[in-house]
Amino acid sequence: MIRLITSRVLTTIPLLFVVTILAFTMVQLMPGSIAEIILDAGATPEAIAALEAEMGIDRPILVQYFDWLASALQGDLGTSLFFNAPVTELIGGSWRVTASIVLGGMIVGVTLGLILGIVAGLRPGSLLDRLSTIGASVGVSLPAFWLGMLLALILGVRLDLFPVIGYTTFAESPLGWLHSITLASLALGIPSAALIARQMRSSMANVLQSSYIRAQRAMGLTRWQIVANHALKNAMIPVVTVIGFRLAVVVGSAFIVETVFVLPGLGRQMATAVTQQDLIYVQGGVVVIGGFIIFANMLIDIIYGFLNPKVRVS
Amino acid sequence: MAALSSDKPQDQPKEKTLSSFGRFWQRFRKQRLAIVALLFLLLLSFVSIFRDQLMPFTKDQADFFSTFCQPSFADNSDVFTCQNPEEHILGTDELGRDAYSRLIYGTRISMQASLLGVAIAMIVGLPIGLLAGFIGGRFDRAVMWIVDIIFSLPGILIAFGVIAVLGNGLLNAMIAVGIVLSTRFSRLARGIVLAEREELYVDGARVGGLPTRTIIFKHILPNIAPPLIVQTSLLFGAVILIEAGLSFLGVGVPVSEPSWGRMLADSRSLLSTNPFLSIPPGVAIALTVLAWNVLGDGLRDALGRDITNNQLTTVNSSKQETTASKKPSHIDSRTARNAALILENIEVRFPSPRGEDVVILNNVSYAVMPGETLGIVGESGSGKSMSVMASMGIIPSPGQVSAGTVRLGQKSLTGMPESELETLRGKEIAMIFQEPIASLNPALTVGQQLIQPMQKHLGLNKTEAWDRATDLLRQVRIPEPERRMDEYPHQFSGGMAQRVGIARALSCNPSVLIADEPTTALDVTVQGQIIDLLKDLQKDLGLAIVFITHDLGVIAEVADRIAVMYAGEVIETGDVHTVLTNPRHPYTKALLETLPHHGVSGQRLPVIEGLVPPPTNWPTGCRFHPRCHFATETCSNGADLSLKPVQTGTKLDDRDHYSACIRVEEIDFG
Ligand code: SF4
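So the sequences go chain by chain: P and F.
In terms of our numbering, the first sequence opens at residue 54 and continues consecutively.
In terms of our numbering, the second sequence opens at residue 123 and continues consecutively.
Honestly, the hints are just simulated from the structure, not real lab data.
A quick note: this is a predicted structure, and the numbers were derived from the prediction, not measured.
Some clues are possibly wrong.
[Stated by the list, open to error] Looking from chain F toward chain P, a few residues come up when the C-beta cut is under 7 Å (computed):
| no. | residue |
| --- | --- |
| 1 | S167 |
| 2 | S170 |
| 3 | L275 |
| 4 | I285 |
| 5 | L386 |
| 6 | G404 |
| 7 | G548 |
| 8 | A560 |
| 9 | T756 |
[Claimed, not checked] Residues of chain F clear of chain P, computed beta-carbon distances all greater than 10 Å:
| no. | residue |
| --- | --- |
| 10 | G258 |
| 11 | I278 |
| 12 | L292 |
| 13 | P539 |
| 14 | L543 |
| 15 | S633 |
[Said to hold, decoys possible] Below, simulated PhoX-like cross-link-like pairs (lysine-lysine); rule was C-alpha separation at most 25 Å, straight line:
| no. | chain 1 | residue 1 | chain 2 | residue 2 |
| --- | --- | --- | --- | --- |
| 16 | F | K578 | P | K286 |
| 17 | F | K711 | F | K549 |
| 18 | F | K661 | F | K584 |
| 19 | F | K661 | F | K711 |
| 20 | F | K711 | P | K286 |
Built from N, CA and C at the ideal position, the CB exists for glycine as well.
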């Protein structure tokens, strides 16, 4: 197990490098230079050159990269062009909101998805299976942000059960926090649940066809013993991978869902930065979010290895 | 090319694609939902082509006398700002712009965006994947490493990056989306190229000196097509979702263009005043994505396999039918009384998709005495495995024992409730399997899976069960049993895994052991060891063994008695020595003739000319007649095909030699 963890940690480090390279290259790819954007259209070439020299962007690209990387590692991702504040500070103020609804969405998605998927997978072709399969196809097709609007309309505006707008921090009031993220979490969680349910169903159905299940049955184990002790763990193996991929999708959807519920999260900042071509902020955002996803994938990989002895042993 | 055609002589590419397309179409046509989805998507294409003719108003045309209209079917009387509700089927926004017209306008944006996005994804992604798969090696690893990183990041994040660099606009947004989704095509293409490369014929093609380009276009693209079509369909849905999300944020499609996502964003602020505005664009997005997904799933199902059966579901044999079969079997009453396991007149049916039942086993009877080994032989498709599954009540659903009785010692198993059967399986009757490693749970250690049945059947606690399991491993001659208990099945060789299987089967002291081709997957020396082990254990424990094999050499070595099966029936049975030296059925005789002289053990049965017919198409009369050298007119006319005693010698144990051949007296078996 320890060997597995070290090897996963070691393979993760180069991935982080790639993300920083991608983020850095992004700014280089932009037509024109940052200095031109900052100085507006009317600036003289001399003024641009002077600012470039001041910012150090006239130096060789590799020097610039390592310089940028060094500051990034110290927590300095530059100053946002549009918000006019340090990127680290901006992200530091907004990531908790996004993290809250991502976490909520994943919890809803994984729990609901696994339960539905297992139930459907145990009896493929049954009425329950068909119903949940239809539910899953519809769920997968729903845009999370529209689902969010519908939930806001029904549970928020009509029934007044949850706030439709705004975010309460956990420190202010844990219950208020839960309240403020519930709708967004549901909006993110339901489509995820649908996807996970689909995977779990087919994975469970596949496992139940395998010959070790027949062998356990021939040994007189009951249906539930077989499902709980033999089928579940094996069926989870491919689903864990799907959950990992889903996390990235949920993070992406969270950016949009934040807008629906007017939550002051990373996504709203990012969207503003993108429309304003605030490349410094976007660059910082890519590094932070990309880094997070890669780190999360590493954890998923470790869980995968834990479930699958073929990866772990040997 | 010569290598190609000699490897797969029947594999004519053109015919193959045609017939496989035909088969695909047959299956696809039955997917009604997928057809509906396809029609819906065609309708959307129609709408986007004739958009301008279909829009009652232009997208920005403001009707200031009809603002905040509800849809025309709702009550607009208290909306005093709405003067002409009947003109606006889906209502209007705060400027009096017609929601229906804007929805139609957005249709084209969605269709355009998805076409563009998928096209870009394909153009970028496919070549990368094809090249990586084809070149392989370090190039492949490096490229796929990058592809996987991009694949693992949130699509929106990458789209943000691309749009931040390129600026707003539909084309830029779709370039972004295309790049994001291209990784799916790359992964797919590479996976398939790798799989195809494994196939002999690509190697053959390479040896034949065909240029790489030809191989890609002639061999790989045709194979990649089915999964590619499925993936493309699903991707259309994904692009529409991402595009809607981006427009919702105002990133990508210009804010002035009413795409569906944009309409939703606009309706967000009107959620409390005119909630209905948020419904049509959302429904449009969801339905379109759903249609692509359903179409994709339908295509996949039409191209893939069925998962509706599993090992846990069985249909219980109904009592009423089983008692109905009172006809006598060939088994005499003394044998019947003392048998450890007896099957009488067993019939197994599977409902076929066309409604009629398919009879897999017909009137199968055999018995095995304590301490004795009954060998069951036959080609694959003869029903030998099905017969033992019937005896354990584990025929996979929707199959079912529809007639006959199974008795284990004095207990009748047919009609017994599943919960009671579970107390007997493993305890009184146990089984070992053909694929020893696959029959062990890959996720648990050997020890973990050995102890469970003992805890259940013998009431042992965990430590006792563990100790007994270790002893059992020692008994089946596995070296270092303590260490092996903590290992996983994939760390075992086939032979060692089969010993584990035997230990598991014997762990609760059963009286009957069923061995379903236990040595087929093993190499010859290991085969011998496993057979010796089984014989020794049988001597020590007094086990009754039912040994299934298609290998007559193995049968001669292990069995006391033998039942020869063909096409779901027992066609000859008797003492093993008598049957093998004096066969009284042309099928048995044919089987024996395929053996090399002196019957060297371990030889697989060479196939007799022709094939075992499938259960859906069993010949009338004697089922062997199409392949039988002695067949006459009467053979196909359904005469008495039950087992009849034959007299082959004077020895006492010859008395239970039976054959189903109606010409047994006339044929010279020489
Ligand atoms: S019954 Fe006829 S066809 Fe069947 S085995 Fe005997 S001779 Fe051959």
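Okay, the hints, checked on the actual structure:
1. S167: violated (19 Å)
2. S170: Cβ of S170 of chain F sits 19 Å from chain P, so the hint is violated.
3. L275: holds (6 Å)
4. I285: holds (6 Å)
5. L386: Holds - the Cβ of L386 of chain F comes within 7 Å of chain P, reaching about 6 Å at its closest.
6. G404: holds (4 Å)
7. G548: Holds, because the Cβ-Cβ distance from G548 of chain F to chain P comes to roughly 3 Å (cut-off 7 Å).
8. A560: Because about 5 Å separates A560 of chain F from the closest Cβ in chain P, which is inside the 7 Å limit, the hint holds.
9. T756: Because about 41 Å separates T756 of chain F from the closest Cβ in chain P, which is outside the 7 Å limit, the hint is violated.
10. G258: Holds, since 21 Å exceeds 10 Å.
11. I278: violated (4 Å)
12. L292: Label holds. Min Cβ-Cβ 15 Å, cutoff 10 Å.
13. P539: Non-interface label stands for P539 of chain F: nearest chain P Cβ at 12 Å, farther than 10 Å.
14. L543: violated (8 Å)
15. S633: holds (14 Å)
16. F:K578 to P:K286: OK: K578 of chain F and K286 of chain P at ~20 Å, within 25 Å.
17. F:K711 to F:K549: violated (38 Å)
18. F:K661 to F:K584: violated (29 Å)
19. F:K661 to F:K711: violated (31 Å)
20. F:K711 to P:K286: Not satisfied, since the Cα-Cα distance of roughly 49 Å exceeds 25 Å.
In the structure shown, a violation is registered for the earlier hints numbered 1, 2, 9, 11, 14, 17, 18, 19, 20, in ascending order.
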